Amino acid sequence: MCKIGKFFLKLFGVLFAVNALLFVVFFFDLDGKLLFNVVEPFLKKHYDDMERKDVIKQPYDMNKFPKY
Amino acid sequence: MAKKDIKKALKDFWFGKPHSGEEGGRRLGELYEDKTGLLKHREWRGVKDTFYYMYMIWGYNYVHMVTDILKYSNNPIDFFKGTWRYRWMGQTYLPVIHWFERGLQGMRGEALAASAWHYRAMVSASIQQICNFFNADTRLHGGKQNDAYRHTIYANETTCGTMFYPFMDAGYRYLPIEMIPYFVTCHVNSHTVLNYIDAVQSLGLPGDPCPMCQAEAGIFVLDDVPDSSPMVITCNEACDASVSTSTLQDWFADKPLFALPIPMQFDDPLVKKYCMKEIEDCWKFIEEQTGSPFSWESMVKRLEKQNKLQRDEWEKWEVASKTDYYPINGVAQALFRIFSTQYGIQGDFWDEASEKVKKIMYKCVEKKIKPFPKTRHRVIAWSCAPLYFSNWCTWAYNCWGLNCIINMDSLMFDMEIRTDSYEHMLEDMATYHMWAPMRRMAVGGMHHIFELWEYMERFNCDMVAMYDQLQCKGMQGVHGLFEDEFRKRDIKAFWIPHALPDCRTVSRAEIRRQINDYMTTVMHEEPLDPSLLDFDDSMTW
Numbered sequence: 001m002c003k004i005g006k007f008f009l010k011l012f013g014v015l016f017a018v019n020a021l022l023f024v025v026f027f028f029d030l031d032g033k034l035l036f037n038v039v040e041p042f043l044k045k046h047y048d049d050m051e052r053k054d055v056i057k058q059p060y061d062m063n064k065f066p067k068y
Numbered sequence: 069m070a071k072k073d074i075k076k077a078l079k080d081f082w083f084g085k086p087h088s089g090e091e092g093g094r095r096l097g098e099l100y101e102d103k104t105g106l107l108k109h110r111e112w113r114g115v116k117d118t119f120y121y122m123y124m125i126w127g128y129n130y131v132h133m134v135t136d137i138l139k140y141s142n143n144p145i146d147f148f149k150g151t152w153r154y155r156w157m158g159q160t161y162l163p164v165i166h167w168f169e170r171g172l173q174g175m176r177g178e179a180l181a182a183s184a185w186h187y188r189a190m191v192s193a194s195i196q197q198i199c200n201f202f203n204a205d206t207r208l209h210g211g212k213q214n215d216a217y218r219h220t221i222y223a224n225e226t227t228c229g230t231m232f233y234p235f236m237d238a239g240y241r242y243l244p245i246e247m248i249p250y251f252v253t254c255h256v257n258s259h260t261v262l263n264y265i266d267a268v269q270s271l272g273l274p275g276d277p278c279p280m281c282q283a284e285a286g287i288f289v290l291d292d293v294p295d296s297s298p299m300v301i302t303c304n305e306a307c308d309a310s311v312s313t314s315t316l317q318d319w320f321a322d323k324p325l326f327a328l329p330i331p332m333q334f335d336d337p338l339v340k341k342y343c344m345k346e347i348e349d350c351w352k353f354i355e356e357q358t359g360s361p362f363s364w365e366s367m368v369k370r371l372e373k374q375n376k377l378q379r380d381e382w383e384k385w386e387v388a389s390k391t392d393y394y395p396i397n398g399v400a401q402a403l404f405r406i407f408s409t410q411y412g413i414q415g416d417f418w419d420e421a422s423e424k425v426k427k428i429m430y431k432c433v434e435k436k437i438k439p440f441p442k443t444r445h446r447v448i449a450w451s452c453a454p455l456y457f458s459n460w461c462t463w464a465y466n467c468w469g470l471n472c473i474i475n476m477d478s479l480m481f482d483m484e485i486r487t488d489s490y491e492h493m494l495e496d497m498a499t500y501h502m503w504a505p506m507r508r509m510a511v512g513g514m515h516h517i518f519e520l521w522e523y524m525e526r527f528n529c530d531m532v533a534m535y536d537q538l539q540c541k542g543m544q545g546v547h548g549l550f551e552d553e554f555r556k557r558d559i560k561a562f563w564i565p566h567a568l569p570d571c572r573t574v575s576r577a578e579i580r581r582q583i584n585d586y587m588t589t590v591m592h593e594e595p596l597d598p599s600l601l602d603f604d605d606s607m608t609w
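Each protein sequence line maps, in turn, to chains A and B. Mapping of the first sequence onto our numbering: residues 1 to 68, in sequence order. Mapping of the second sequence onto our numbering: residues 69 to 609, in sequence order.
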């Protein structure tokens with residue numbers, strides 16, 4: 001088989017494999033499962049542990065700006 | 069395997085299982101994992117629709133989420149920094165494709181394609197807003213007030229984007245403070261907002277006002293609002309609880325602030341004059357803060373585009389009201405419309421989606437394709453919808469054949485704004501502003517809430533889905549009036565109790581139960597898909 005033929009055969013094989021893999025992820029909702037079971041709990045823990053400013057300690061400067 | 073079975077299996081493979089309660093019908097409820105609402109596997113919709121969904125919706129939107137970030141972000145690294153910093157961002161926007169899934173479940177052919185274009189436009193508009201937040205946020209830029217910061221105008225999410233058109237040619241952007249951190253999050257991931265509601269109540273503030281107002285204040289209480297603008301414009305949204313939210317926002321934002329109220333009773337011509345004056349004062353405030361003058365050209369340019377979008381919508385409504393060929397499902401219709409009218413013209417995404425949808429719609433009209441062939445009742449949804457279960461209408465169509473044709477949220481801004489003179493424009497702007505979400509036909513007076521009957525006739529609907537926001541004092545006050553009118557007019561109507569963003573007050577399962585009860589005990593009907601009657605999705609996004 002000529003070089004170009006081999007190249008297209010390989011390309012077709014790679015594209016087919018990528019599409020098959022994507023189909024498995026899509027059909028079995030693997031992206032959803034990963035986000036729900038791994039990513040979201042990880043991020044939630046991060047946000048829960050985050051230090052936050054206590055906004056109610058901030059004075060309410062009612063006359064700081066001119067009247068509009 | 070018998071020959072008949074092979075034939076059926078091949079037919080199911082090629083076309084997908086039929087939408088029917090009989091043996092061999094699709095049983096969408098069996099696709100769910102218990103509690104989480106995740107899918108054991110996605111529905112096989114037949115060869116054409118399954119691969120359309122995979123490439124043109126699932127894959128297409130994943131890819132475009134990345135290209136949108138590259139398009140709208142000044143520096144993509146900021147996007148990741150923002151995701152790490154803000155809960156409403158990280159916890160919410162990653163599962164956005166699942167939001168598509170919930171809204172598009174069971175859809176086929178033209179309904180699937182057209183509804184997905186509405187979702188695409190909303191995702192694009194959301195990413196633009198998220199990038200605008202992060203491009204300008206001083207917290208992500210070492211406290212530096214950059215050019216993007218100086219060109220951003222913060223406003224309450226129910227202050228319509230139209231208000232800011234005069235300053236856009238000079239490079240200013242309107243950024244609704246709560247639309248992304250609050251409103252859109254509830255639809256995509258209903259868990260996030262609960263943190264903000266609880267934060268407000270942890271200060272000792274009462275838990276019974278509207279949870280929307282609580283959540284909007286809670287974002288500030290948890291210090292989760294980006295510092296992306298040198299000024300703030302607040303409004304009373306629809307009610308007194310929102311006024312308190314504005315007070316808290318004034319305290320916590322600590323910036324020059326202009327309060328632009330939406331009048332409670334808007335039929336009085338004197339009130340309208342007052343409103344016109346308020347709008348002009350708001351423009352003056354922006355001029356003072358930015359140093360940029362009001363530009364008539366900038367205003368007209370965008371108003372023309374907005375008016376075109378409104379005319380598109382009238383075209384679509386004409387088809388929806390008079391035929392069975394309208395391809396947009398209830399949730400895609402409602403969210404696209406409320407999002408586009410509030411955010412306004414800040415890109416081409418609304419127009420692009422609208423053109424694509426019109427093309428699909430006219431194909432349905434020409435070829436007489438019924439995108440919702442199992443429609444048993446044409447439903448109009450009235451009052452404010454549960455944000456955590458806005459896709460109830462997708463479920464209701466799949467389970468009962470209830471096709472939600474139109475809804476109150478879509479009908480609020482049912483007008484063009486004249487551009488022939490400044491006076492006409494200002495007058496129409498005042499009307500547009502006064503017809504705000506939750507005000508025009510909800511808390512805006514008895515005459516307007518009962519516009520339901522006219523719209524029911526106009527859209528040829530035979531059933532009402534009446535939302536019952538349990539913590540909205542305004543709408544609770546007219547509950548009995550609606551009951552009386554439904555009886556007097558012999559209108560088929562079911563109630564959907566909910567607490568806007570808070571899925572803990574009335575669960576999705578409870579909403580489904582209420583509709584199931586109505587359909588069996590009052591309508592004496594059998595479900596189209598019995599597997600959807602009762603399932604546990606209490607932990608779902």
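What the hints contain is simulated information worked out from the structure, not anything from laboratory work. Hints should not be assumed to be uniformly reliable.
Stated by the list, open to error - Below, computed lysine to aspartate or glutamate pairings styled on EDC-like, alpha-carbon distance capped at 16 Å:
| hint | chain 1 | residue 1 | chain 2 | residue 2 |
| --- | --- | --- | --- | --- |
| 1 | A | K67 | B | D585 |
| 2 | A | K57 | B | D322 |
| 3 | B | K431 | B | E383 |
| 4 | A | K64 | B | D322 |
| 5 | A | K53 | B | D295 |
| 6 | A | K53 | B | D102 |
| 7 | A | K33 | B | E356 |
| 8 | B | K427 | B | E356 |
| 9 | A | K67 | B | E101 |
| 10 | A | K67 | B | E434 |
| 11 | A | K57 | B | D318 |
| 12 | B | K390 | B | E434 |
| 13 | A | K53 | B | E355 |
| 14 | B | K560 | B | D585 |
| 15 | B | K345 | B | D496 |
| 16 | A | K67 | B | D322 |
| 17 | A | K67 | B | E355 |
| 18 | A | K64 | B | E355 |
| 19 | B | K442 | B | D392 |
| 20 | B | K108 | A | D61 |
| 21 | B | K323 | A | D61 |
| 22 | A | K67 | B | E356 |
| 23 | B | K108 | B | E491 |
| 24 | A | K33 | B | D102 |
| 25 | B | K376 | B | D419 |
| 26 | A | K57 | B | E365 |
Predicted, not measured: the structure shown is a model, and the values here were computed from it.
Against the structure, the hints come out as follows:
{"no.": "1", "hint": "A:K67 / B:D585", "in the structure": "violated (55 Å)"}
{"no.": "2", "hint": "A:K57 / B:D322", "in the structure": "holds (13 Å)"}
{"no.": "3", "hint": "B:K431 / B:E383", "in the structure": "holds (14 Å)"}
{"no.": "4", "hint": "A:K64 / B:D322", "in the structure": "holds (9 Å)"}
{"no.": "5", "hint": "A:K53 / B:D295", "in the structure": "holds (13 Å)"}
{"no.": "6", "hint": "A:K53 / B:D102", "in the structure": "violated (38 Å)"}
{"no.": "7", "hint": "A:K33 / B:E356", "in the structure": "violated (51 Å)"}
{"no.": "8", "hint": "B:K427 / B:E356", "in the structure": "violated (45 Å)"}
{"no.": "9", "hint": "A:K67 / B:E101", "in the structure": "violated (56 Å)"}
{"no.": "10", "hint": "A:K67 / B:E434", "in the structure": "violated (59 Å)"}
{"no.": "11", "hint": "A:K57 / B:D318", "in the structure": "holds (14 Å)"}
{"no.": "12", "hint": "B:K390 / B:E434", "in the structure": "holds (14 Å)"}
{"no.": "13", "hint": "A:K53 / B:E355", "in the structure": "violated (32 Å)"}
{"no.": "14", "hint": "B:K560 / B:D585", "in the structure": "holds (13 Å)"}
{"no.": "15", "hint": "B:K345 / B:D496", "in the structure": "holds (13 Å)"}
{"no.": "16", "hint": "A:K67 / B:D322", "in the structure": "holds (14 Å)"}
{"no.": "17", "hint": "A:K67 / B:E355", "in the structure": "holds (15 Å)"}
{"no.": "18", "hint": "A:K64 / B:E355", "in the structure": "violated (20 Å)"}
{"no.": "19", "hint": "B:K442 / B:D392", "in the structure": "holds (11 Å)"}
{"no.": "20", "hint": "B:K108 / A:D61", "in the structure": "violated (54 Å)"}
{"no.": "21", "hint": "B:K323 / A:D61", "in the structure": "holds (10 Å)"}
{"no.": "22", "hint": "A:K67 / B:E356", "in the structure": "holds (12 Å)"}
{"no.": "23", "hint": "B:K108 / B:E491", "in the structure": "violated (59 Å)"}
{"no.": "24", "hint": "A:K33 / B:D102", "in the structure": "holds (13 Å)"}
{"no.": "25", "hint": "B:K376 / B:D419", "in the structure": "holds (8 Å)"}
{"no.": "26", "hint": "A:K57 / B:E365", "in the structure": "violated (45 Å)"}
Of the numbered hints listed earlier, those contradicted by the structure are 1, 6, 7, 8, 9, 10, 13, 18, 20, 23 and 26.
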